[in-house]
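A.B. asks: Residue strings, one per chain:
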Amino acid sequence: MLTYEPDDALAHALDPRSKLCFQVGFAIAAFSHPTPRALAALTALALAALGAARLSPRRVLFSYRFVLLLLAFAPVSAVVALQPPWLVPERMVAPALSSYRVVLVLFVAGAYVRSTPVRESRAAVQRLVPGRTGQLLGVGMGLTLRFFPLLLGDVRRIRTAMDARVGSERSVVDRAGRIAVVAIRRAFTRADRLALALRARCFSWNPTLPELRFARMDYPVTIGGLALALSALV
Amino acid sequence: MSQEYDSVELVGDSTVSQFARAVVVAALTAAFAQVSIPLPGLPAPVSFQVFAVYFAGLLLGPLWGGVALTLYLLVGVAGAPVFSNGAAGLGYALGPTGGYLLGFLVAAVLIGAIVHRRIEPRSLADVSLVVQAGALVAGLVAIYALGVPWLALSTGMGMTKAASVGMVVFVPGDLIKIIATLALVKGGHLALE
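Line by line, the protein sequences are chains A and F. Each residue of the first sequence is one higher than the one before, counting from 19 in my numbering. Each residue of the second sequence is one higher than the one before, counting from 970 in my numbering.
Simulated from the structure, these hints should not be mistaken for lab results. Note that beta-carbon positions come from the ideal geometry of N, C-alpha and C, so glycine has one too. Any given hint could be a false lead.
Some but not every residue of chain F turned toward chain A, in silico, with C-beta under 8 Å [to be verified]:
#1 S986
#2 V1004
#3 L1040
#4 L1042
#5 G1048
#6 A1049
#7 L1059
#8 Y1061
#9 S1092
#10 A1094
#11 V1096
#12 V1099
#13 K1130
#14 A1132
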């Protein structure tokens, strides 16, 4: 799966805030101009973003293969007609363009995912969202990331334990409910321990964050993102 | 840049415990997104993710339920593989199924607001089962009300086609999950205080 990988590529050196700005600007531009010419220009830009993150397009396509199936369904199903002529290729154009712009957004987002560790995104969120909301969201993101593998392990163990006790013979409603309730109970036990640990460690509204600083390359990337976002108004 | 070196300002006790619960529910939403039960005779497997959305609304209330789902979305956009099939990134969140993700957040807030009618969650035993059933159905409607038009818009397929691909095949599984959740509430299994 696509995830953060340490590297010394250009995208890795950028500030997460400028990358976020570029990503959002790119998405706005792609969704507001689904024309062949605009999409051709955006394709070049998306490939440049992939290059900056040293990520191959094929890897992005492979890791989002389930999304691609759904994206391919729209143009393919638009071609088939219920009466003769059975195939109408020209009806494919509009859905294909709509689907293609999503692929471009996946490319740029893939470049972000490979070049940005979650703790940097977390620092960016905490800086961009003002006040205590930003603090809680920032700390929450870090903790959620740590608890995800633990709870996934919990859920898998619950299923294994259930299968070992011939739980698969029970009705689906019963099975689903049992797994869900045991999972939430264990999760809340973990939450109580987490709350205790946070209080014991003086969980405060003003902890120290990793430092973020704009380098020279961040300014053109941020301006590019803003320009792309504003292009929606043209 | 903007480091803080002021004196420490502690977070209040009740906020800490609600916050810790919101964090684990966010992580549970991510874990449930990776798990499903295949059903013979049904077109789509029963995914567990909606359970986490229901629990967020029912157990945490509108504010902290909303925080839980916001954390889930933020972590996913930041690049952690928490969306279905281990996907991540803003591209996935804006992709064809992004409407459902936003729908989860709206549903958690809506369920919390209908069931608790205030910020602090009340005991589920004090709320009638009919209200809770109505809240879960309203949440489900919100998920599809955002998910299906988004699917139609992002792929360019018509609304009817989007509804058949993105809603009709999942409804039997969704009814099973609502019934299972209500059975848990009725049996007192969700009295976790």
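A.B. asks: Taking each numbered hint in turn, which are not upheld by the structure, reported in ascending numerical order?
C.D. replies: The structure breaks hints 4, 9, 10, 11, 12, 14; every other hint is satisfied.
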